[in-house]
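Asks: As a plain string of letters, each chain reads:
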Amino acid sequence: MTELASPALILLAAALLVALTRGHWRNAVIFVAPLVTLWAIWQVPDGVAGTVRFLDYMIEPVEGSALRRLFATIFAIMVLTGGLFAFRQARWYELSAAFAYAAGAVGVCFAGDLITLFLFWELMALFSTVIVWCGGTRAARKAGIRYAIMHLLGGVILKVGIEGVVVHTGSVDIRPMLATNFDTWMILIGILINAAAPPLSAWLADAYPESSPTGSVFLSAFTTKTAVIALIMLFPGEPVLIAVGLYMVMYGIIYALLENDARRILAYSIVNQVGFMVCAVGIGTQMALNGAAAHAFAHIIYKALLFMSAGVVVYRTGKNKCTELGGLFRTMPLTTICGIIGALSISSFPLTSGFTTKALISQAAVDQGLAAVYFLLTAASAGVFLHAGIKFPWFVFFQKDSGMRPKDAPWNMAAAMVFFSVLCIVIGVFPEALYRFLPYPVNYHAYTAGKVLFYLQLLLFSGLAFFVMLPWLKRTPTISLDVDWIYRRLFPAITAWICDAVADPLARIGRRIQYMCEATLSRIYRHHGPEGVLARTWPTGSMVMWVAILLACYLVLYYV
Amino acid sequence: MIESNLPALQVILPLIAAPLCVLLRRSSLTWLVAWSASWATAAVSIAILLKVLGSGTISYAFGGWAPPWGIEYRIDPLNAFVLVLVSVVAALIVPYARRSLQAEIRSRQHYLFWTAYQICLTGLLGVTITGDAFNVFVFLEISSLATYILIAYGQDRRALVASYQYLIMGTIGATFIVIGVGLLYLMTGTLNLDDMARRIANMPLYRPELAAMAFLTVGISLKLALFPLHLWLPNAYAYAPSVSTAFLSATATKVAVYLLMRFSYTVFGRSGIFESLPFEEMLIALSLAAMFLASTVAIFQDDVKRMFAYSSIAQIGYMTLGIGLANASGLTGAIVHMFNHAVAKGAIFLLLGCVALRIGQPLMSQLTGLAKRMPLTAAGLVVGGLSLIGIPGTVGFVSKWYLVMAAVEKGWWWLAALVVISSLLAVLYVWRLIEVVYFREPSEKLNEATEAPISMLIPAWLFVFACIYFGLDTSTTVGTAAIAAETLLESLP
Chain X
1 MTELASPALI
11 LLAAALLVAL
21 TRGHWRNAVI
31 FVAPLVTLWA
41 IWQVPDGVAG
51 TVRFLDYMIE
61 PVEGSALRRL
71 FATIFAIMVL
81 TGGLFAFRQA
91 RWYELSAAFA
101 YAAGAVGVCF
111 AGDLITLFLF
121 WELMALFSTV
131 IVWCGGTRAA
141 RKAGIRYAIM
151 HLLGGVILKV
161 GIEGVVVHTG
171 SVDIRPMLAT
181 NFDTWMILIG
191 ILINAAAPPL
201 SAWLADAYPE
211 SSPTGSVFLS
221 AFTTKTAVIA
231 LIMLFPGEPV
241 LIAVGLYMVM
251 YGIIYALLEN
261 DARRILAYSI
271 VNQVGFMVCA
281 VGIGTQMALN
291 GAAAHAFAHI
301 IYKALLFMSA
311 GVVVYRTGKN
321 KCTELGGLFR
331 TMPLTTICGI
341 IGALSISSFP
351 LTSGFTTKAL
361 ISQAAVDQGL
371 AAVYFLLTAA
381 SAGVFLHAGI
391 KFPWFVFFQK
401 DSGMRPKDAP
411 WNMAAAMVFF
421 SVLCIVIGVF
431 PEALYRFLPY
441 PVNYHAYTAG
451 KVLFYLQLLL
461 FSGLAFFVML
471 PWLKRTPTIS
481 LDVDWIYRRL
491 FPAITAWICD
501 AVADPLARIG
511 RRIQYMCEAT
521 LSRIYRHHGP
531 EGVLARTWPT
541 GSMVMWVAIL
551 LACYLVLYYV
Chain P
1001 MIESNLPALQ
1011 VILPLIAAPL
1021 CVLLRRSSLT
1031 WLVAWSASWA
1041 TAAVSIAILL
1051 KVLGSGTISY
1061 AFGGWAPPWG
1071 IEYRIDPLNA
1081 FVLVLVSVVA
1091 ALIVPYARRS
1101 LQAEIRSRQH
1111 YLFWTAYQIC
1121 LTGLLGVTIT
1131 GDAFNVFVFL
1141 EISSLATYIL
1151 IAYGQDRRAL
1161 VASYQYLIMG
1171 TIGATFIVIG
1181 VGLLYLMTGT
1191 LNLDDMARRI
1201 ANMPLYRPEL
1211 AAMAFLTVGI
1221 SLKLALFPLH
1231 LWLPNAYAYA
1241 PSVSTAFLSA
1251 TATKVAVYLL
1261 MRFSYTVFGR
1271 SGIFESLPFE
1281 EMLIALSLAA
1291 MFLASTVAIF
1301 QDDVKRMFAY
1311 SSIAQIGYMT
1321 LGIGLANASG
1331 LTGAIVHMFN
1341 HAVAKGAIFL
1351 LLGCVALRIG
1361 QPLMSQLTGL
1371 AKRMPLTAAG
1381 LVVGGLSLIG
1391 IPGTVGFVSK
1401 WYLVMAAVEK
1411 GWWWLAALVV
1421 ISSLLAVLYV
1431 WRLIEVVYFR
1441 EPSEKLNEAT
1451 EAPISMLIPA
1461 WLFVFACIYF
1471 GLDTSTTVGT
1481 AAIAAETLLE
1491 SLP
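Chains X and P, in that order, give the protein sequences.
All letters in the first sequence, in the order written, are residues 1 to 560 by the numbering used here.
All letters in the second sequence, in the order written, are residues 1001 to 1493 by the numbering used here.
No lab work stands behind these hints, which were simulated from the structure alone.
Being a predicted model, the structure only gives us computed values, none of them experimental.
Beta carbons: idealized from backbone N, C-alpha and C, even for Gly.
Please note that the accuracy of each hint is not assured.
Stated by the list, open to error - What the simulated footprint calls covered on chain P by chain X, stretch by stretch (three residues with Cβ under 8 Å from a Cβ of chain X suffice, anywhere in the stretch; the number is not a length):
1. 1163-1169
2. 1217-1224
3. 1277-1285
4. 1296-1307
For reference, chain X alone in the conformation it holds in the complex (with noise of 0.2 Å):
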């Protein structure tokens, strides 16, 4: 029996805990849990480790492989890190949501069939719902809900297409697959919805800088990258996926450049960092796969790092806006070295965890021939940089003086922090520490003189960029960089050009729908409202009379 005891279950029954214990024993158990966990992850074997009749099926609730311990491995790792980073500041009910959200996303990296792959999958959706709502404002509860009926939409989509998909084949079992009828459609699209692609993506910047500070850290590292586990396992190789990812990666970019509130450029750049996932799946080669799974495992780490130190400076100032922030490293040194690195990390800068996964995504697309794509994920990397890379720590920790003098990061926010930027600079610097746990072979070099040099051009190109043309960020929130030479030199000043154009029409097509919505809302109440005619009272006479009209109903059919 104990082989079917997916590691899932240890962070499961670990929620339940934190939220019955208190004081010392809560913090043991947000310590040893993950550890716990940590260990049985590395336990399982590969290949299926037992079944359980559910429904009319046998299921496979623990299945084994590189991939699958890779991915829970940094899940773990997450929890452990997250934990330290929020069990003084989070309430014990978002730190038991966290737990049971992970739980999920460790679920489905061990799921062995479609049917525990949804089990898990609807777990995770229901408690990173709570997590939103931790958030504890009324922004955070409306960003809630709209999270909870994407992602059960999302999961009703995923859950037709597994239904298809068993009725037609008769398996369970989880295998790749391409999508070639409506079934695999539907996984696919239902999968995708946690992957933030177009044209749901906006769910993500939506909620989670709502959540809390500590909140966000965990949002930020689970949802999207099972979603990207769950296409390595099912859609490797998938066409629709590269163009999708590359749609990701500028939407990214475009609508963190106009973006003012720190988090939520963080949670655009997630959309960004995803679509590389995506996209590398999409190309579907081994070396593809193993960058998906690299960029995946970094990314977490640089990502969670990010939202650490945006956290921190929104738990020290309550501020989340750009403009009303600035000139925190004077008094915030080590969350602003943090930042940086994980700044730095996103940007794939030499020496940092991104550079040496993200370019085997590029050397994939290389491989594949696909000129396009690697122009096009290469000029993303310069986007990045500009966004994430140099605008998050710019103007939130230097730029003009705020006049706030906050403290810097509580001792456990700080360790963990600190944690995370060695993590992140470590695999930079090792990057074979990594490689070796891949699902695949790597025959890879990332440091060659040639890489090297071409990724500090196109970092310091694009970085000279920003601050040529900071005087525009700032005065205004649109940009406008149609300034020729950074025209003709970078791709970001196209992207940026496209989202003004874009932008307006958007803006004015968006208030249409959302009067029609209005509308239709208030025709809707009319009928099923309290005092709607569905929903009064009605007198007896009526309502025999529909019985009598439901009879006539029934005669003529039956006669006829």
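Chain X is fixed; fit chain P onto it per the hints.
Replies: The following block gives chain P in isolation, referenced to the frame of chain X:
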């Protein structure tokens, strides 16, 4: 001796308990009688189910008169399952009811309440167990009359109007059923359902039989509150005492759903109503209307009990949808949803009864901050609500899984999509409740409130646990439902 007469005991135990209650009068004594009778009934029903699953259909000739001349009790896996559902729910509610009744009904009327409760139980079990068409009508009337009383005991004066309206509608429904049965008797010369089915199969469908079917379908639809014949239900559930609401919502409509299955499959199945008549089309259309319109109404309701009453109408739509789909998965879904909805709604209405004990009939606005004052009640409500939505790990997921499966097997993607979309409507009304209960400060009314007494919480939480347990371990419920669906489908040509 006892074992061979179990089917008779099933009905007779509560039937004897009822007059005993009138004779004893004392509130506590009548409660004790109700308690023992309903638990004994539950034990009998479980014994019957085990026996049916072990050795097949039981035919019990009442008074030794062999069927089809005498009255036959005929128990196959389907009605054995429903018997267990009804009697176990009834048994679990009795211990809960003691405190709740003290708060809601004057103590000198308790014995009458318990009498009505036992009679109602007798009627429901009788309808389910009997194999005789006229017997069905008789027991249906017995249960209905008792139901009117159970509703009329509500504190709110609107309970009387609700009960009166239900009386009119219920009587019309029963009349339709008796007209249908009469027409069938005229055509076949028998009242035994099994015999009737065989004779109908051997002759063409004459007009009186079609008329009989129409009357039966409409009459039963009235009892099970199929849209648009649901109009009696919201007020009846909303203004009845908490105990009555929980009991009726978990059992009465389920028995009517069972009756619809029995007539449409066992009796008419062989004569080809599914091929030649638009029976399924009508049923599916009305079910969809129920699922969507009633759920939407529920979203805007202020009275919490009324909101869940509308949700019941929508959930009944899922059951009739399964009947209309007429394949193994669909019927399994429908049957298992009878059980699952009974547990979920039972839990919700019992917990609302806990709230009512503290602050009276709750409006949405009065439930604010409930989680701070009555955490266990609030948590239970959330689990029940998640079940209604069909979140994996709760019972609701299991039944919707089968319904979607049934639609996919038929190739009706649009229907699969509609089923899952309708569950998103449930998200909205459940969310409203969660938001009010968890994210607001306690209202003035709730400020003084404390958690409900343990004697009420335990039965209510047994239902809540059942919501989760049967969502994870599906072998009992789905296993039995699948066998029951199979026996129903056997009667189709």
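Asks: If you look at each residue in the segment 1217-1224 of chain P, do at least three have a Cβ nearer than 8 Å to any Cβ of chain X?
Replies: Contact hint for the segment 1217-1224 of chain P vs chain X: holds, 4 residues under 8 Å.
Asks: If you look at each residue in the segment 1277-1285 of chain P, do at least three have a Cβ nearer than 8 Å to any Cβ of chain X?
Replies: Satisfied; 3 residues make the cut.
Asks: Is the listed coverage of the segment 1163-1169 of chain P by chain X valid when you require three or more residues with a beta carbon under 8 Å from a beta carbon of that chain?
Replies: holds (count 4)
Asks: Check, residue by residue, whether the segment 1296-1307 of chain P contains three or more positions whose beta-carbon lies closer than 8 Å to a beta-carbon of chain X, and give the verdict.
Replies: Our answer is that it holds, as 6 residues pass the Cβ test (under 8 Å) against chain X, meeting three.
In the structure shown, no violation is registered for any of the earlier numbered hints.
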